[in-house]
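Protein chains in written order, with this note's numbering: chain A, 1 to 203; chain B, 204 to 756; chain C, 757 to 1444.
In case anyone wonders, no lab produced these hints; they're calculated from the structure. For glycine and all other residues, C-beta sits at the position ideal for the given N, C-alpha and C. Just to be clear, a hint being listed does not mean it is correct.
Unchecked claim - Short, incomplete list of chain A residues facing chain B, as computed with Cβ under 7 Å: (1) A15; (2) T23; (3) V40; (4) G55; (5) V58; (6) N193; (7) A195.
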Amino acid sequence: MSAPLLRSGRQYVAAVRAMVLATVALGLLYPLLMTGVAQVIAPDRADGSIVSVDGAPVGSSLIGQSFTDAAGNPLPRYFQSRPSAADYDGTASGGSNLGPNSPELVAAVTERRAAVAAFNGVPESDVPADAVTASASGLDPDISPEYAAIQVQRVASERGVPAAEVQRLVADATDGRDAGFIGAPTVNVLELNLALDRELGAG
Amino acid sequence: MSATTAGWLQFALLVVALVAVYRPLGDWMARVFTSPAHWRAERLVYRAVGVDADAEQRWPVYLRSVLALSAVGVLLLYGLQRLQSLLPLDNGMAAVEPGSAWNTAVSFVTNTNWQGYVGESTMGNLVQMAGLAVQNFLSAAVGIAVAIALVRGFARVGTDRLGNAWVDVTRAVVRLLLPLAVVTTVVFVLAGIVQTLKAGTDVSTLAGGSQYLPTGPVASQEAIKEIGTNGGGFYNANSAHPFEDPSAWISLLQVFLMLMIPFSLPRTFGRMVGNTKQGLAIVGVMASLYAIGVGLLTLFQARAGGAATALAGAATEGQEVRFGGPLSALFGASTTLTSTGSVNSLHDSYTPLGGAVTLFNMMLGEVAPGGVGSGLYGMLMLAVIAVFVAGLMVGRTPEYLGKKLGRREMTLASLYILTTPAIVLVGTAVAIGTSAGRAGMLNDGPHGLSEVLYAFTSAGNNNGSAFAGLSANTDFYNIALGLAMAFGRFLPIVLVLALAGRLAQQGRTPVTAGTFPTHRPLFAGLLTAVVLVVVGLTYFPVLALGPFAEGLS
Amino acid sequence: MTTLTPPAPAPARPPATPGTRSLLTADQLGPALAGAFRKLDPRGLVKQPVIFVVWVGSVFSTVLAVADPSVFGWLIAIWLWLTVLFANVAEAVAEGRGKAQAATLRKAKTTTQAVLEDGSEVSAATLVPGMRCVVVAGQVIPGDGDVVEGIASVDESAITGESAPVIRESGGDRSAVTGGTTVLSDRIVVEITSKPGETFIDRMIALVEGASRQKTPNEVALNILLSSLTIVFLLAVVTLQPFAVYSGAEQSMTVLIALVVCLIPTTIGALLSAIGIAGMDRLVQRNVLAMSGRAVEAAGDVGTLLLDKTGTITLGNRQASEFVAVGGCSDAELADAAQLASLADETPEGRSIVVLAKTAYGLRERTDLPGAVFVPFTAQTRMSGVDLPDGRQLRKGAAGACTTWVRTQGGEVTAEVGDAVDSISASGGTPLVLAVAGPDGARVLGVIHLKDVVKEGMRERFDELRRMGIRTVMITGDNERTARAIAAEAGVDDVLAEATPEDKLALIAREQEGGRLVAMTGDGTNDAPALAQADVGVAMNTGTSAAKEAGNMVDLDSNPTKLIEIVEIGKQLLITRGSLTTFSIANDLAKYFAIIPAMFAGVFPGLDKLNVMQLHSPESAILSAVVFNALIIVALVPLALRGVKYTPGSASAMLQRNLLVYGVGGVVLPFVGIKLIDLLVSLIPGIA
């Protein structure tokens, strides 16, 4: 009766040993060694591509953040990021997960469109899709060049500089598709806003 | 350049890369699993584990080895999560709740990597590394081992031995997964994926707020997550999170990584059975279904179906700007067709018909190309069914690669095609029929049904992606989906190994002009049709009430 | 050598083409319907899982119709019952076709008395193996057995349908007699070899009636697949209700039952056993009895055919191809003598000598020869010939016999004769020495070269077999060189020369080790081990009991060439199953497009886009699908019985054709069919 059990038992002994070994080799040695390598070859990137101003970390060039005041109102001197279901909380990445017919989403899009149009003084039809929809990560660092374009005038007038100045900085912060065809063109909002502060003064 | 053109070019580049690695990687894997020589490192492993590496196993023993390894894996992972706060490197995280811990343990051991939790605020670095990442390797290795055992069943004649599970798992890790993961990690780090023991960074934002950016050993885990078609992200947002997937080309690389082994295993199969054309036929079927999946999803996503989507003007809800529409669709199709389940955009917010495609992709049974190993064995099981019907139609007792498909073989293959639909349909029905199940839905109406259906389809097929609006971190879903994942993984493995044992014992019928050729386009076409028809017929009613009802309104 | 010239192989009756036998005649339909109703018994239906599910559905829907009567409910219930009934009809019709034959066979079993050797009479039913009976002219042989004494001509038409009598004699390979056949001349003693109730005729009756039919391995495997699909569809429908409830579109049980029945593979499920029975029946029509369905299936798988040279590849008899004159005899003189000596020789060899004399030497055929006395062939003399009125005696026969005769007549036999004989033998021919004795003394005139003649069309046949992937091996007692020459001429793949029974057995084992299934024919007791070893062993009805016991098929016509037809029938059987399975599953697509919108378009109007057939109403759509599902069974019964068209060719070509016809056709046809039925159904009040 116990013969199969015993045979199975042998497999379990082996399994336990194998699991211990794997945990040490794959669970500790491998990631730790890779961390060591990473910290040597690209320490900044390995730690999160943190951007600092005057030695103080202000964010990660890879992670989006909100440019709103404490009450949640958008700050007109900054380019605004996309809506975020996570409120740009780094510890709760994620999207809205609202379905394509969700009434809630329909309402949100309608409301955002009106707000964005009003905030930037453009017709609602000029508001691009990324401006009214939340990203997947809730931490999208980018906006589309179209969304950046409708914000130029507002930022320029807020900062009292010619639109062309701002336009130039937007162009600098704009990346085309990777290798010309992979992904989509982006404008990194944090980098753009940092450039604004750096070059045009932290209005 | 228009987004459409760019999309085509991305796809073309991917195809070129996959074609380029098909032969070398496939041949390498064939060598890995047929070479008589052990590496020194492997010998050390065998000694430590206490197995005789040269003793081959009969199928029940092979099965017991695989099950034992998986069972111990579940226990250990459960324990690590429950005891997290008492162990080092916990990053201040509390012990994981029992339901969630069970679900996550099963999820990672079964190569599903369904995530009912928010990674960055639940799992400390120890659990991420020593728990989750370890299973990323082992579950992938187990999948490959089982596939190789089935291939041996076809390749061998008159033996009851299928190889040694410990050797196969060890070699899969040592000679295949680990080297690939190391190289990939380096590339990832250079591209900006984080890899540190630092728990995170506090930053003061420009607007005067604060933001905490959790970090950890992400790149090393991200590498095996894609290579092993696991899909469990370090962060909740998975490959949409910029720290996991910082740029478009990295995202495309991740797509390549998850497809690389599943698409090359048919070559290994062809090599091991001594006819690489047989492998080409299988990969041809996989590629056709894959192309259909990518094509349809890209098309539907571009058409902005759904009221909210139409209002916004594009399917950008749940999509990252840097990836754009075509790359998000490419990733979405690839992850649902490979049982990976990592996402760079949120499927729940896809257009109704786009969402239907991701669902249908998984319903295909993860065979185009499927998970590492599981894709090949799943496709071979379906091939057995297709050969049976085709074989009858040419007037012979059906045979595949010279192995006759009789009563026992058909029993096993029939049970195989029955298992996953049973899990998915019964699971979904129970969830829809109970208030505990319905409570998890974020959306109502047909989309709510789709969310639940997606969850069980994903769990039963060991995919792991989600219509993530479903609040699945409840006792009901943790337990039900945990069971679905366990049954969806191990019942098929039992059937596959039993069939492998049965096939290996057979002799081989010689190939004649009367043999139905299984390496020609005709068979590939038939197999494609069988896959589509069987799956289509099984799920048509529920799809009609879910995504079709939503998408056709 | 035997003492009687064997009867020429019975001319194969014209193959029973489907047209010659109506598939559903009125007199068959009556009993078939009765049988169909009897088969409604669920205890029998359990063995057909698919149909059993329909049966359960019928019961349920009837209960529902009674509890909550509506035109729709009743129509669904009725059509579900009809579905079961049609499935039963298919099987009953197939079985019924054997019944007519069985009735004929039963008539042959009328003998009730047997005369034992000691003269006592016993009932035939009490005969046991080992008993000996005496049968004289005009009596019916009381049971299966072997002739142990005597020789007789026997009328076996009761079994074979062939009216020409055959010779049965003690010893040798033609000693077996079958109970129920009639002795026409002489007297024989028969040792009984079969137990009561297990005689050849008993088994034949059981076979053609399908009573002893067991499911074949392949049928079992297919049944498993069908059961699995049935479970999948059951699950799909059972789980549909919670989804429907959630969606606010709860469905009635009747509709759900209708959906299940439409989805599960009822078409193939209903026709599966009919296909099997019909396959056996097709063999019976060609006068072949398969002892098991397994053997028929194996025939389709055959990879190697072992064919006896004589009678299969070559004509059973050799033909004169050349006259070799010796000792200064002129060719014309020799030809003339050969013709004279063969005039009364009605054997094919004899006829061929006359023909050769005419075609090669221009000798007109003489019809009468007054005063000549013909000397028939006997086993003692091993010569035949003619004594002419001028005193000359012409003899032709085996070299040994003839030369001895010449010597006894005082003649000389020169070495030249021996050389001629040897050279003919060496080339694979048979030498026949022609000698004369008369007033001028005795001498050998020459040697007639008798040669094997490959049957017409054999080369094409073998090419065809090769395309089907079947290897042919010729078995012969001839020496290697002769055998190779004939093999090359006939186009077979391989040769087993100077074959002993052990060689045959070894060859079969070797082929089987290589994974090939082997088919062979045989008639002698020698062949029994090989017949038993072969996967398909076809015993000739003229053969011994041992051979018939060892084989798993008996060819009543004793025509070895039929092996090829048997293979084709085996293939056709499998093809029919596969094609109808494909058809059955392909049908589901259209049924979904009919039923799903009908069920849910009320709640989700968008789903009406799936109503591509524009069916009239939800009720008419569902009913039409159910009706189509039932009618298609009836429509396919003839196909199931006749078998899917089989044209020998490569596997790929065959698959392509069948996929196109039954796969694509199976997708398209129901769209048309359901639409047409819907047009009719929508006229029914209460549905429209």
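Could you work out which earlier hints the structure fails to respect and list their numbers in ascending sequence?
3, 4 and 7
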